[in-house]
Each structure stands twice: as C-alpha cells, then as structure tokens.
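J.: What follows is each chain in one-letter form.
Number of protein chains: 2
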Amino acid sequence: MAKQLVEQITNMDKDFAQWYTDVVTKAELIDYSSVRGSMIIRPYGYAIWENIKASLDQEIKDTGHENVYMPLLIPESLLQKEKDHIKGFAPEVAWVTHGGDEKLAERLCIRPTSEVLFAEHYKNIIHSYRDLPKLYNQWSNVVRWEKTTRPFLRTLEFLWQEGHTCHETEDEAQKETLKMLDVYADICERVLAIPVIKGRKTEKEKFAGAKSTYTIESLMHDGKALQSGTSHNFGTGFAETFGIEFLNREGKLQPVHQTSWGFTTRIIGAMIMVHGDDKGLVLPPAIAPTQVQIVPIAQHKEGVLDAAYEIHHSLQTSLRVSIDASDKKPGWKFNESEMKGIPIRLEIGPKDIENGKVVLVRRDTGEKIDVKNHEIETAIERLLQEIQSSLYEKALEHRLTKTSVAVNMDEFKDNLLQVGGFIKAMWCGDQACEDQIKEQTQATSRCIPFEEKGVSDTCVYCGRAAKELVYWAKAY
Amino acid sequence: MAKQLVEQITNMDKDFAQWYTDVVTKAELIDYSSVRGSMIIRPYGYAIWENIKASLDQEIKDTGHENVYMPLLIPESLLQKEKDHIKGFAPEVAWVTHGGDEKLAERLCIRPTSEVLFAEHYKNIIHSYRDLPKLYNQWSNVVRWEKTTRPFLRTLEFLWQEGHTCHETEDEAQKETLKMLDVYADICERVLAIPVIKGRKTEKEKFAGAKSTYTIESLMHDGKALQSGTSHNFGTGFAETFGIEFLNREGKLQPVHQTSWGFTTRIIGAMIMVHGDDKGLVLPPAIAPTQVQIVPIAQHKEGVLDAAYEIHHSLQTSLRVSIDASDKKPGWKFNESEMKGIPIRLEIGPKDIENGKVVLVRRDTGEKIDVKNHEIETAIERLLQEIQSSLYEKALEHRLTKTSVAVNMDEFKDNLLQVGGFIKAMWCGDQACEDQIKEQTQATSRCIPFEEKGVSDTCVYCGRAAKELVYWAKAY
Ligand SMILES: [Zn+2]
Ligand SMILES: [Zn+2]
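As given, the protein sequences belong to chains A and P, one line each in that order. Take any residue in the first sequence, note its place counting from 1, add 277, and you have its number in this note's numbering. Take any residue in the second sequence, note its place counting from 1, add 277, and you have its number in this note's numbering.
Among the hints, a few may not be true.
Copies of the same chain are indistinguishable here, so a pair counts whether it falls within one copy or spans any two.
Within a straight-line C-alpha distance of at most 27 Å, the following computed DSS-like cross-link-like pairs (lysine-lysine) qualify [said to hold, decoys possible]:
id, residue 1, residue 2
1, K529, K605
2, K634, K671
3, K364, K380
4, K380, K358
5, K338, K303
Hints listed in this document are in silico derivations from the structure and should not be mistaken for laboratory results. Model, not experiment: these values are computed from the prediction.
Model the full structure from these sequences, guided by the hints.
T.: Structure (structure tokens):
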C-alpha cells in the first residue's frame, strides 16, 4: 500500500505535465467535475488558498485598500463601452441569455474581470478631489472561456482578487501600480518562497485597455516561465470613456487616473511546479495547512500514543500541527505526509520516549534531526524558518542556472534548447521582431525588467539598435 | 449640512420600505448597478459581511467542517437528475448558452445552490464507511432569477455559505442537521443580537428535494418575519439518485445520508430591520466595522487633536476604533456616526481634557457617560458588552410583544391587523388549510417550533384535530 502511493506519481523529469497532474490529484488538491475546464478545489487545496488569501488580504488592507463586492453579471452594452477592453475579452466570455424560461432583452456576460463595473460605480461616487483616492479590492470568481485547460494554471473559472483604484494624478496612479506589484512580489517571495522578476510588459503583451502593464515572472522546475501577478496603469482611458470626472483642487473637472491589479489561484500551480519533487508536493511553511505532521511509531506500544498526543497538544497553540494516529503503517503515513508536502514530520516511538527525544524529518531535504523533548517547539520554529528560506534559495539558484544571455538568434535558439529557462536578450522595440521570435521559438517576451543593464547594443532578432532588455521564455 | 443628512431618512413608522432603502444607501452599505436586481456591496457593507463570515467560518471549522470550492456552472443534465430539486429551481436559474462566439452543445446554469455538484463529487470520493463523515462547506456566490428584488433581502445574486455533508447513518445526519441549525442560531443571537425561533418547515415550505427542512425565524421591526438560516436533512434521496454508496461496517453497499445548510448576506438585511432606528443603522458591537468613533470637539484648539489621537492609538490594539479629524462640523460627524450605526461615540474637547475625562455616547440609547481617562478602555469594553446584550433584549421584547395566540380565523385576522408579528396557532397538518390561510391573510407558516406546548386542540382554519403548533407571519 505504501509503495503503491508513491509509484502512482510519474517521474517529473520524464513527463513534467503528467507529474503535475499526478500531484494535484494524488495530493488531493483538486478533483475534476462534469463541467468542462472547471475544477473542484478540495479541502487541502482550498486550505492553501485560504492561507495565501489571508496573507495577501492583510497586505492589501495594510496599504489602505477596502474590500467590496461587485455583481457577477455584466450587461453586454456595458462591456462594449471600452473598445480595446472588449476586443481583448469578447472571445473568451460566457454569455447568459435566459433567466428561468425567459429570453433576456440584453445578453449578460459572466465577469472575466470587473473594470467596467468598477468604472460605472466610480462614476456614481466620485465627484471631488476629496473623494480620492478610492482604493478598492474584490475577492471573487471570474470566468474565461479557455479552449485548453489545466488545474490551477488555466481553468474556465478561477478565484482571484482584483484591485481597482482611482487617483487625482498620473504620478499617484503610477506609484500605486508599482506598490501593488511590490505587494505581489512580497507575497511570492516571502510567503510562497517563489523568487520573481519584476518588470513591464511589452505593448503586445499588456492588458486589454491598459496604458501599461507590470508583471512578476517566475520560473518553474521545467524551465517554463509563469506570470505570477500583474498590475496595470490605465491612465485616464477608462475614466474618459465612462465619464469618471472630479472637481480638482483648482475647481476644474478632470478624469481620474486608474489602476487595476490581480492575483489568482494560478499561483498554487506555480508553487507546485517551483517546489515539488518526485515524492509530491513541497509546501512552504508559511502557507502549509499542516506545518508539522506527528507520526507515532509502534503506536500500539504503551505510552506512545499518549506521548504523541501530548506533543500535539503542546504545539497546537503556536503551530498548525496534526497527528496521524490511524491504523495505517508508518511507511504509508510517511509517504502520504511527503505527498502532501508537509514541511516537517515528527516521529516518536518507544526508543525516542526512552531517550527523551523525538525525530524531526525535513520534507525538502529528507534530513533527520534528533531533538530533545524540552527543545521541540523552538527547534521546529527554527527549522520552519530554515525550510522557508531554503526553498526560496533553491528556487532562486534554479532560476539563475536557467537564465542565459543571447545576442543573436543562433544563441537564442541554442540556449532555449540547451538551458531552457529565461533568456535575456536585447530588443529594438518593434513588435514584428517580438512576433518573429515567438513564431520561431515559441518563447514570448515575459518582461522588460526594472533596473537591469543591457547585454548588447543591438536587437537579438533584427540587429537594429536595441531599446530594451527583455526576459524571454516559453511560458505557461 | 448636518441636518440635511438626517432629513434624508424617511421615518421608519411612516414608510418602513422607504426607510430601509434610505438606510442601505445613505449608510453606504450598497449601491445599485446597471445589472437588474444585483447590488454593489460597498466597503462598509462588505466589512460587516466579513465580520459575520469570520465568526461563522470559525464555528463551521470548530465543528469539524472543511472548506472547498465547487464550479460556478452546472450542466443542465446534471441539474435535471434530481426531479424535485430541478422542479424547485428551474424557474429561477440563469442559463449560459454561449462561450465566446460558440454556441454550447449543452446549456449550463449558474449555480442557484450546489447540491448536485457536491453529489457528483461525493460519488467519486466516497467508497467505504472509513471515508465518512464528509463535512464540507463552501463560501460562494449564487444566482436566482428573482422577479422583484431588494438590497440584501432578495437579489439576483447573493453571497452565502452552503454546507454539504455525508453520513453513515440516519441518526448522524439528523444530528448534523440540528447541530448546524444551532450554529446559525448562535451566530444570530450571540453575534448579531437577533433572537430566533428554531423549528421545522412544513412540507409546503421545505427545500426542493429535502426530506425535512429546519429554520430559524426572526422578527423585523415592522412585524414581518424573516427566515434567517435553514438546515436540510436529505435522507438518502440524492444519494440514491446520484449513486453515492459506501461499503458499510457489515461489508454491504448502502447510500449515504446527506444534509445541507445555508446562511446568506440576507442576514444583513435582517440586522438592519431588527436594530435600526430613525437615525439610521444600529450595529451590534460584535460585527461593527468600527466599534468606537472618536470625535474631537473644537479640534482647532491646542492639544485636542493630540489627545484624540493618543486615545485612538491606545485603543487600537484591542478595539476597532476610528477617528474623524476631518474639517466637518462636530454635529455633522455625530449624525454620520449615528447613520452608520457605530455603537459608541467618544467625544473629547478642551473642557474634557481639563477635567481628565472623555464622553461616551451610546448609539442605541443616546445615553452620555463621563469616563475618567484611566478608565476609558475598561469602560468601553463593558459598554460594548452591555450594548450587545441590550440590543438582543430589546429585540426579544419586541418579538414577544408582537407574538400572539389565535384559536380561530377571526382571532388570526384580528391579531394580524392589530398586533402584526408572529401568530401562534394550531394546524391539522393539511396543506389545504395552510394554502387557505396564506390566501386569506398573506401570512405563511414560518415554522413548527421545537418543544412548545400547543395552544388549543383544533386547527385554527378547519377546526379538525390539531397536529402541530405553527408560527405564522407575513414574511420577507
Ligand atoms: Zn528588432
Ligand atoms: Zn386544518
């Protein structure tokens, strides 16, 4: 039984896609349903999302934002108002045409994102500079009619938060856009132990209707990139279309400057693909639903279960700890705890009790550590911190190893084949070159990084004068 | 300006419906949108929901339940499976017929409730008695195509939690059904200060597809009842239809026993209509986003703002406290704080500072209390508890005053006209009588209460032998 559990996972370097599917199902993060492209987020998966959400929600509130809730359905005419926006989203929205038996006079789409609803509301409630800034956020579900789907990474419906803000000045909106990108980067790096590259999207890759889009990009185990959060500066585009105007300090009417920013359940997919291994999930302690799993050894022997429960009880107030006192074999319990990515396994058996100690086993390295009874709590707390930073360091090293420089297309293609990962290469700024690179290599421009030095003077594709350094990669 | 704010609210005894609409908009709980029957829940309204949700989520978890997330969309064929269920919900679901430009092969409805999705999932994951019980809960949005809508009380879309559980035995399922009804009653009474009557719904009023439905019913200021939470025992009905079977302890296949239970944003409407008054909202301290509003008096005078901020700072760690240091007049600030139902207003001016004290003003009674500086925190904590229980007591007294007994239809109609509220009257159990009572009086059977003595031997409508005591009322 114990063996069987592990054998069910495909080796990650053999077939990464299958490994991923195995992990999300065997670790009981998700289940499929009869709704094409939608997933059921099971208790273990949802608990991870709740922990991510709690951290992010706190940062969103600490930066002065307020949560609101907008309608799920958007009238077609409202969605149509902003032309670039509708062009970007029309092909992928679900349309409601009937309410009960009645055909609707106007179709409603299920929100793919809520810019137009916020715009309409902001027009109602913003009149003067005294009403600004408006810093709103919403936690919700959205639907995008994707053709091919994969759990967490691309699903018809997903959960996210979407922030929407209004400001007096261009400068303030730009600061907000970058501030929230920093919040996302902090959640990724500090909480999820995922190192990210911050930067700006090219015109081609920016959000429909935005003036500029900023992104954090992370690198998966298989060398593919994943966009992990985006923040958009809308300028006054939506405000002009929707008439969101305010009397400024000089008594003149002017449109507000807007931003929006989003972070989704997709990040769970990233976390799996950054930290996971051939035994299954590896969870960062900061968001692990269970941080310590206690496994009694020879639990039928006198005193073992009592000792295990005593430790469970003493750790419960400060840690997320659980105990597996079922009648399954220890080997089976070890495997299950590994599959679920629980950061620390605590083993306690008759010999440990005799010696006044327990054994801590790190999920990430497999290292076993003997700890005296009176030191258990501090040892665990230290170890959890160590695991958290160690996961980050390992992921960062992996990314750096898989980041290369290319100054011409031969190098570009060669690197992509040999190294994979991110390729840093110069770009002239012409979308034609960006298109060609994608066509020839399947790599897309991920971002124009902040504050990085150029690697040559000429565009990697056309050889003309370079304008920007770009991170390129194949991406999820 | 200050006067204007108050004058905008309609007197509640003059036009209760208009008073309600005034309060939800002027206290900035909601805004309307261009989506018919949907509402925007504004920051103040959403903060109330977040507080209610946090309390209820904790109780749901403490009773051993796990949160999950199911798809928003349900294929028509899946919804059709349970005949009573679809009959109940078909007239009020929204249908998605197109994804992008493509017509779907099968229509999908937006979940009006998720029984069928849980049933399908449970069939996949339950195989043995060892897999039971399954105690799942979901926080989500649902859509029901209502013809007439009112903010919080009846909207096309609303937010809720829906619990769905599976059990080995009939007895266990029944205990779960009643346990969760108790949880709802506790949230209403302890957290929202709304007294409730617990009982069972009649066959006519029970949930589509349920074996029995239990309810908590509360009474609004205007004498109308509001169903405040329901818990359903499904027996093995869904399990048989969907094939959710398990190997029991005797090694035989048998269907599981199921329950479901739900609690919605509707309760915010109840809270408004139970506690509110002619000055606006009155919020129970347990869920008030701001429990104490500090209003500096003559704040331009030296030392006033400093003293106010110092108090703000010292209370911040243990209480939800805010300060209005804007340049609006104190009278305006008082009115706004009252409109928003903030439980305690703390006034501090030059004279108070001189005397080493502040003034606390209760929102519910208007009472003013001088408190010495060193006693502020304990005085506020005591006062918040007092307000919380006083709101409950007042609401209970109102309900008792508006509860009467009727032994025949003359009394019934007379009481309804003179007293309003709940009428306790006996019923023979025949749906024809229930239908007639509704037709003649617009009062519906609210519940068959637990453990209450009968008030006569014969049915209030037909005079035949009585089977049950029923609470009747006009209801939202
Ligand atoms: Zn070029
Ligand atoms: Zn009768």
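J.: Now tell me if each hint is right for this structure.
T.: Results for each hint:
1. Taking the shortest alpha-carbon separations for K529 and K605, only the inter-copy value of 23 Å comes in at or below 27 Å, while the best intra-copy value is 73 Å.
2. When the C-alpha separation of K634 and K671 is checked against a cutoff of 27 Å, the pair qualifies neither within a copy, at 30 Å, nor between copies, at 58 Å.
3. When the C-alpha separation of K364 and K380 is checked against a cutoff of 27 Å, the pair qualifies both within a copy, at 25 Å, and between copies, at 19 Å.
4. Both within a single protomer and between protomers do K380 and K358 lie at most 27 Å apart by alpha-carbon distance, with minima of 23 Å and 24 Å respectively.
5. Within a single copy, K338 and K303 get their C-alpha atoms only as close as 35 Å, which misses the 27 Å cut-off; across copies the closest is 24 Å, which meets it.
When held up to the earlier numbered hints, the structure conflicts with hint 2 and nothing else.
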